[in-house]
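Chains as they are written, first to last, in our numbering: chain A, 11 to 124; chain B, 347 to 425; chain C, 32 to 276.
Take these hints with a grain of salt, some might be off.
From chain A, some residues computed to sit far from chain B (all C-beta separations above 10 Å) [said to hold, decoys possible]:
(1) A56
(2) D70
(3) D117
(4) E118
Residues from chain A that face chain B, not an exhaustive set, calculated with beta carbons under 10 Å [said to hold, decoys possible]:
(5) V30
(6) R34
(7) L36
(8) Q73
(9) A94
(10) L119
Since the hints were derived computationally from the structure, they do not count as laboratory data.
We put the beta carbon where it would ideally sit given N, CA and C, even for glycine.
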Amino acid sequence: MSVLAYLVAVWLLIAGVYGVVTSRHLVHLVICLGVAQASTYVLLLAIGYRSGAQAPIFGDIAQSTPVVDPVVQALTLTDVVVSATVSALLLALAVQAHKRFGSVDPDELNALRG
Amino acid sequence: MTALQATCLIAVAIIGTLVVATRDPLRQAAVAGIFGLALSALFLSVQAPDVALSQIAVGAIVVPVLVLLALAKIREHDR
Amino acid sequence: MSRRVRCVLALVALAVLGATLVVAVAELEPFGRYPGPYGDVLAKVVPGERHSGQLVAATVLDYRGFDTLGEELILFTAACGCVALLRLRRRERGEASAPERPAPSFAARAVGGALVGPVVVLAAYVVIHGHLTPGGGFSGGVIGGGALLLAYAAGQQVRLRRVGSIAMLETVEALGAGGFAALAIGGLIAAGATLQNFLPLGTSSMLLSAGTIPVGNVAIGIEVAGAVALIVAEFLEQALLQEPT
Numbered sequence: 011m012s013v014l015a016y017l018v019a020v021w022l023l024i025a026g027v028y029g030v031v032t033s034r035h036l037v038h039l040v041i042c043l044g045v046a047q048a049s050t051y052v053l054l055l056a057i058g059y060r061s062g063a064q065a066p067i068f069g070d071i072a073q074s075t076p077v078v079d080p081v082v083q084a085l086t087l088t089d090v091v092v093s094a095t096v097s098a099l100l101l102a103l104a105v106q107a108h109k110r111f112g113s114v115d116p117d118e119l120n121a122l123r124g
Numbered sequence: 347m348t349a350l351q352a353t354c355l356i357a358v359a360i361i362g363t364l365v366v367a368t369r370d371p372l373r374q375a376a377v378a379g380i381f382g383l384a385l386s387a388l389f390l391s392v393q394a395p396d397v398a399l400s401q402i403a404v405g406a407i408v409v410p411v412l413v414l415l416a417l418a419k420i421r422e423h424d425r
Numbered sequence: 032m033s034r035r036v037r038c039v040l041a042l043v044a045l046a047v048l049g050a051t052l053v054v055a056v057a058e059l060e061p062f063g064r065y066p067g068p069y070g071d072v073l074a075k076v077v078p079g080e081r082h083s084g085q086l087v088a089a090t091v092l093d094y095r096g097f098d099t100l101g102e103e104l105i106l107f108t109a110a111c112g113c114v115a116l117l118r119l120r121r122r123e124r125g126e127a128s129a130p131e132r133p134a135p136s137f138a139a140r141a142v143g144g145a146l147v148g149p150v151v152v153l154a155a156y157v158v159i160h161g162h163l164t165p166g167g168g169f170s171g172g173v174i175g176g177g178a179l180l181l182a183y184a185a186g187q188q189v190r191l192r193r194v195g196s197i198a199m200l201e202t203v204e205a206l207g208a209g210g211f212a213a214l215a216i217g218g219l220i221a222a223g224a225t226l227q228n229f230l231p232l233g234t235s236s237m238l239l240s241a242g243t244i245p246v247g248n249v250a251i252g253i254e255v256a257g258a259v260a261l262i263v264a265e266f267l268e269q270a271l272l273q274e275p276t
């Protein structure tokens with residue numbers, strides 16, 4: 011039971027990568043990539059969790075209460091916003107690819123023509 | 347592990363599978379929004395309010411809007 | 032290699048990867064037992080050294096500020112890439128006629144227009160109180176960028192097609208990114224180490240405390256709001272422009 015969090019992270023990664031490999035639409039591919047990114051967030055936060063501890067903000071709790079790890083939260087916090095912006099870049103690429111090749115199927119994007 | 351955390355984890359796993367299994371991108375945008383919501387519930391249950399705030403904002407504002415706009419552009423070009 | 036063979040090969044490879052990861056993950060500490068020293072060190076040290084109770088904000092902007100500088104520049108680069116890709120398309124097509132969009136319903140206009148102000152205030156609140164409550168530059172910036180989208184959805188005539196609007200968004204985003212970099216260099220000049228906290232620390236839980244942490248939050252909030260608004264504006268321009276018939 012205590013490895014459930016890590017197993018969920020592994021499952022999300024496998025499902026996301028499978029979606030990317032077998033995708034038939036570039037936008038579907040970008041969203042599946044987002045699912046694979048979510049697996050890293052789950053893994054990081056699961057590593058930093060401490061049973062019975064509070065959130066790492068000493069606003070109104072005593073400074074001696076045990077808190078969860080703030081370092082992994084800092085990593086995940088910046089990553090959530092930045093990866094959304096990178097997904098936006100990938101969507102812009104998909105729009106341009108559709109214009110060039112007339113299709114959003116990854117199997118039909120053969121750019122290396124002679 | 348509390349029952350809330352276990353429930354959130356299983357919900358995230360199931361909805362993540364549904365996101366990948368939905369092949370139509372238009373429907374997938376909606377399911378991706380729900381996936382973001384489940385993720386933020388999970389983040390709150392492991393005592394990470396900052397991360398949950400960012401995930402709610404991003405998953406509700408940035409991802410579905412950009413996916414819909416990209417699809418609108420692709421669909422219009424097809425016409 | 033046909034598509035079917037590729038899918039089967041992917042399944043096999045992913046099964047092997049999954050098995051390896053499960054074995055690796057079983058060796059980790061059980062969920063709920065956090066062994067590492069850094070979280071405990073930070074919990075003991077930060078309220079005294081930085082006069083701030085928000086450990087995550089202190090980590091993001093002070094103790095691991097270098098990572099944030101890199102992530103912020105990734106965001107900046109991604110926004111620039113989006114603009115470059117979509118603007119190329121716009122210029123190829125030339126300036127089409129003004130787009131016709133159906134007027135939104137009265138309910139959308141009323142509720143959307145009424146909410147833009149509170150959303151901007153909420154974003155400013157989340158950003159400024161980043162060193163006291165959960166939130167900070169990244170979350171508040173995304174909320175602020177969403178205010179522009181709300182204004183568009185409410186039917187306000189956001190003049191995206193005029194050059195001035197997009198240029199203003201670009202300036203705002205560049206100011207935010209430059210602001211954070213200036214903060215890093217300011218640490219180098221004023222205190223001998225880059226990103227060192229060099230402003231007066233003040234008393235804990237006041238608005239003006241914790242040195243450069245609220246200043247860094249504001250810079251990042253401006254930059255993230257500018258980036259999100261810029262990307263959304265470029266995509267909207269793309270969706271608005273119609274093919275000349």
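Hint check:
A beta-carbon of chain B comes within 10 Å of the beta-carbon of A56 (chain A); the shortest separation is about 7 Å. Annotated as non-interface, D70 (chain A) keeps its C-beta farther than 10 Å from every C-beta of chain B; the closest such distance is 13 Å. With 10 Å as the threshold on Cβ separation, the claim that D117 (chain A) sits away from chain B holds: the shortest Cβ distance comes to roughly 14 Å. The beta carbon of E118 (chain A) is kept farther than 10 Å from every beta carbon of chain B, the shortest such distance being approximately 14 Å.
Look at V30 (chain A): its Cβ gets to within about 9 Å of chain B, closer than 10 Å, so that hint holds up. Because the smallest distance between the Cβ of R34 (chain A) and any Cβ of chain B comes to about 7 Å, under 10 Å, the interface hint for this residue holds. Taking 10 Å as the C-beta cut-off, the interface hint given for L36 (chain A) holds, the closest approach to chain B being about 9 Å. Interface hint status for Q73 (chain A): violated, as the beta-carbon distance to the closest one in chain B is roughly 16 Å, over 10 Å.
For A94 (chain A), the shortest C-beta to C-beta distance to chain B is roughly 5 Å, which falls under 10 Å, so the interface hint holds. Of the supplied interface hints, the one on L119 (chain A) is violated, with its beta-carbon coming no nearer than about 13 Å to a beta-carbon of chain B, more than 10 Å.
Of the hints listed earlier, those the structure fails to meet are numbers 1, 8, 10, in rising order.
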